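**Student:** Given next are the chains, with one letter for each unit.
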Amino acid sequence: MARVELENVSKRFGGTRALKELSLTVEDGEFFVLLGRTGAGKTTTLRVIAGLEKPDSGRVIIGDTDVVGKTAAERDVALVLQQYSLYPRLSVRGNLEFPLRPKVRKMKDDEIARRVERAANTLQITHLLDRKVERLSGGEMQRVSIGRAIVRDPRVFLMDEPLSALDAKLRESLRVELKKLHQDLGATFLFVTHDQVEAMSMGDKIGVLRSGRLVQVGSPSDIYERPRNTFVARSVGSPPMNLIEGRFSDGKAEVNGFSLPVASSASAGPAVTFGVRPENLVLEPGAPAEAKIFDIEDQGVVKILTLDMGETRLHATVPAGLHIQRDETVRFGWKPDRVLTFDKETGQNLAVA
Amino acid sequence: MAEVKTKSEVVMNRVAIVAVFVALIIMLTPIYWIASTAFKPRSLATTVPPTVMFEPTLTPFAKLFVRRSQMREPVEQEVYEAAPWWEKLIYDDGENVVRNRRSGDITPSGYADRYKNSLIISIISTFLAVSMGTLTAYGFSRFKVKGEQDWLFFILSTRMLPPVVVAIPMFLMYRTVGLHDTHLGLIILYTAFNLSFAVWIMKGFIDEIPKEYEEAALVDGYTRLQAFWKIVLPEALTGIAATAVFCFIIAWNEYAFALMMTNRNAQTAPPYIPSQVGSGLPDWSVIAAGAFLFLLPVAIFTFLLRNHLLRGMSFGAIRK
Numbered sequence: 001m002a003r004v005e006l007e008n009v010s011k012r013f014g015g016t017r018a019l020k021e022l023s024l025t026v027e028d029g030e031f032f033v034l035l036g037r038t039g040a041g042k043t044t045t046l047r048v049i050a051g052l053e054k055p056d057s058g059r060v061i062i063g064d065t066d067v068v069g070k071t072a073a074e075r076d077v078a079l080v081l082q083q084y085s086l087y088p089r090l091s092v093r094g095n096l097e098f099p100l101r102p103k104v105r106k107m108k109d110d111e112i113a114r115r116v117e118r119a120a121n122t123l124q125i126t127h128l129l130d131r132k133v134e135r136l137s138g139g140e141m142q143r144v145s146i147g148r149a150i151v152r153d154p155r156v157f158l159m160d161e162p163l164s165a166l167d168a169k170l171r172e173s174l175r176v177e178l179k180k181l182h183q184d185l186g187a188t189f190l191f192v193t194h195d196q197v198e199a200m201s202m203g204d205k206i207g208v209l210r211s212g213r214l215v216q217v218g219s220p221s222d223i224y225e226r227p228r229n230t231f232v233a234r235s236v237g238s239p240p241m242n243l244i245e246g247r248f249s250d251g252k253a254e255v256n257g258f259s260l261p262v263a264s265s266a267s268a269g270p271a272v273t274f275g276v277r278p279e280n281l282v283l284e285p286g287a288p289a290e291a292k293i294f295d296i297e298d299q300g301v302v303k304i305l306t307l308d309m310g311e312t313r314l315h316a317t318v319p320a321g322l323h324i325q326r327d328e329t330v331r332f333g334w335k336p337d338r339v340l341t342f343d344k345e346t347g348q349n350l351a352v353a
Numbered sequence: 001m002a003e004v005k006t007k008s009e010v011v012m013n014r015v016a017i018v019a020v021f022v023a024l025i026i027m028l029t030p031i032y033w034i035a036s037t038a039f040k041p042r043s044l045a046t047t048v049p050p051t052v053m054f055e056p057t058l059t060p061f062a063k064l065f066v067r068r069s070q071m072r073e074p075v076e077q078e079v080y081e082a083a084p085w086w087e088k089l090i091y092d093d094g095e096n097v098v099r100n101r102r103s104g105d106i107t108p109s110g111y112a113d114r115y116k117n118s119l120i121i122s123i124i125s126t127f128l129a130v131s132m133g134t135l136t137a138y139g140f141s142r143f144k145v146k147g148e149q150d151w152l153f154f155i156l157s158t159r160m161l162p163p164v165v166v167a168i169p170m171f172l173m174y175r176t177v178g179l180h181d182t183h184l185g186l187i188i189l190y191t192a193f194n195l196s197f198a199v200w201i202m203k204g205f206i207d208e209i210p211k212e213y214e215e216a217a218l219v220d221g222y223t224r225l226q227a228f229w230k231i232v233l234p235e236a237l238t239g240i241a242a243t244a245v246f247c248f249i250i251a252w253n254e255y256a257f258a259l260m261m262t263n264r265n266a267q268t269a270p271p272y273i274p275s276q277v278g279s280g281l282p283d284w285s286v287i288a289a290g291a292f293l294f295l296l297p298v299a300i301f302t303f304l305l306r307n308h309l310l311r312g313m314s315f316g317a318i319r320k
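Read top to bottom, the protein sequences are chains B and P. First residue of the first sequence? That's 1 in UniProt numbering, and the numbers climb one at a time after it. First residue of the second sequence? That's 1 in UniProt numbering, and the numbers climb one at a time after it.
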């Protein structure tokens, strides 16, 4: 087990800068999720740590040693990929043994067998051991991939969107299993994903990555409740946070000609962007603002409304029992203490900055 | 509607079968011709119309391997009686067997030696071209090579002029450096010839192998070379087989350079077989026998690799 630290790591591919002075710390035993869109530099970060890419500058520290000069083989990390990490020519057992077979390990056959057995037990794939890889289902394949990582007892687990090729149901169950695995092993996990649900539900800590820079690091609730800027605010939560342009006047928020209460207006310039999550919009008669219902999405537990407030489109989550109809005009307000204010120009959260 | 479609499908199916049949006849007729002529006595080899029904004989093969001459007078009875069956076949066909003046041993023809030369040169040059080609292709496929496209074009451009154009300068060079009429000379020539082809074909195949396989192996503690050996090579086997067959056929059948660059020691079978036309009257059944035996290695080689070939020929058939 070990902590992983990146210090001012930069990496350039041709003309594009994939990582820009990225610094990041994953504590020993932590489940760290890197969240970012395609091209944000998530995979590059993993590959730099794994030793498959050499950073142009900066340091990569695993444990207490700088590993930049070391090969992938010397770093003792395990990598789980979205696809392709199983060898089609080998059986499941062959695939699980493969990481234990390199000459450098000098591992005895009975030790290999013992470890494969243990990994297979952990992942409940013992019955698949003698099967050919090409005859596995997607979920079984991904289990075996994870098995390939755990047989070695590596210092760090690196996972590159291991669940994104699976269907929704399987993804959910493997999510739970991975979390449990992390608890059982107590190992350091660095998990990369573009799926905010995965990030929120699995991470001890989330790092939001945007064009090669880390925008914010924090616990899932930190990221959700106190996003540093509008980008992070829109990255998590479904439907995403409503961003409404408006301004302060007389200690109240003024949006679209409506005046809504806020908890504090301190340190705020006149023109700001208000951020409020859909579940913090409240529909009630006599509320200060008015909007027209554009669409209703019934999800069983809740209804997700799309509201048109003038030109601004908003999402609101309301109890499923509420009787409303499309094109109806409703009154709504918000929970004043849950409203965030962002700088209109920079998108920075004014309370955090 | 569905039935109409089925009917047209049936018709198409029959048309396809007929087409395949016609193609097979066109392709196999020369082979049948060679094979049947190889077992005909000289007198039936060139009859018009061709003889289809005949009693097969091994005479052409006996004659192929032995040096012989036209007989001026019938062979002496004792010699004939003492001769083994294949020697008798030659006497029966009206020819004499040439013997060593001192020892009286039968003098073999050049065919066996030339055949051996063909095997040595083709196998070694195929091995070299495919192994170097695979490594080069791997390098181009997996590493950032400066000016990669230009290099690949340059490699391909060596095939853009007819090889015979450079034959005379090559001949002069070979004579100067002492490679003329050597096995090494032809091996180098054929390897160089096939290498560009091997690089291009193998690059296609290696590009198809996801590099994630190797990367996983690298992270697992294997060196790049071990990863290549354990992961890439087995996956590329299909491509290697296909490339090897093509290279082997090209080296095995090459005629022009073999004719020019060799005359005795390292001569391969292709220039030797037609040279038999010149000795006396053209004995077509002997030439057919030589050609027939010459076809066998390619047929065997292809047959052994057939499982790989079927997938290998239809490029990029590796499952993702």
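Honestly, the hints are just simulated from the structure, not real lab data. Errors might be hidden in some of the hints.
What the hints assert, rightly or not - Lysine-lysine pairs mimicking DSS-like chemistry, simulated, CA-CA at most 27 Å apart:
{"#": "1", "chain 1": "B", "residue 1": "70", "chain 2": "P", "residue 2": "88"}
{"#": "2", "chain 1": "B", "residue 1": "106", "chain 2": "P", "residue 2": "116"}
{"#": "3", "chain 1": "P", "residue 1": "146", "chain 2": "B", "residue 2": "54"}
{"#": "4", "chain 1": "B", "residue 1": "20", "chain 2": "P", "residue 2": "230"}
{"#": "5", "chain 1": "P", "residue 1": "230", "chain 2": "B", "residue 2": "103"}
Claimed, not checked - DEER-style ranges, computed between Cβ atoms:
{"#": "6", "chain 1": "P", "residue 1": "20", "chain 2": "B", "residue 2": "108", "range": "55 to 63 Å"}
{"#": "7", "chain 1": "P", "residue 1": "21", "chain 2": "B", "residue 2": "117", "range": "51 to 59 Å"}
{"#": "8", "chain 1": "P", "residue 1": "147", "chain 2": "B", "residue 2": "132", "range": "52 to 60 Å"}
{"#": "9", "chain 1": "P", "residue 1": "207", "chain 2": "B", "residue 2": "56", "range": "24 to 32 Å"}
{"#": "10", "chain 1": "B", "residue 1": "124", "chain 2": "P", "residue 2": "237", "range": "27 to 35 Å"}
{"#": "11", "chain 1": "B", "residue 1": "238", "chain 2": "P", "residue 2": "225", "range": "25 to 33 Å"}
{"#": "12", "chain 1": "P", "residue 1": "177", "chain 2": "B", "residue 2": "132", "range": "33 to 41 Å"}
Since the structure is predicted, the reported quantities are computational estimates derived from the model, not experimental observations. Even glycine gets a Cβ: it sits at the ideal position worked out from N, Cα and C.
**Student:** It remains to establish, for every hint, whether it holds in the given structure.
**Tutor:** Tested hints:
{"no.": "1", "hint": "70(B) / 88(P)", "in the structure": "violated, 76 Å"}
{"no.": "2", "hint": "106(B) / 116(P)", "in the structure": "violated, 46 Å"}
{"no.": "3", "hint": "146(P) / 54(B)", "in the structure": "holds, 18 Å"}
{"no.": "4", "hint": "20(B) / 230(P)", "in the structure": "violated, 36 Å"}
{"no.": "5", "hint": "230(P) / 103(B)", "in the structure": "holds, 13 Å"}
{"no.": "6", "hint": "20(P) / 108(B): 55 to 63 Å", "in the structure": "holds, 57 Å"}
{"no.": "7", "hint": "21(P) / 117(B): 51 to 59 Å", "in the structure": "holds, 57 Å"}
{"no.": "8", "hint": "147(P) / 132(B): 52 to 60 Å", "in the structure": "violated, 42 Å"}
{"no.": "9", "hint": "207(P) / 56(B): 24 to 32 Å", "in the structure": "holds, 26 Å"}
{"no.": "10", "hint": "124(B) / 237(P): 27 to 35 Å", "in the structure": "holds, 34 Å"}
{"no.": "11", "hint": "238(B) / 225(P): 25 to 33 Å", "in the structure": "violated, 48 Å"}
{"no.": "12", "hint": "177(P) / 132(B): 33 to 41 Å", "in the structure": "violated, 53 Å"}
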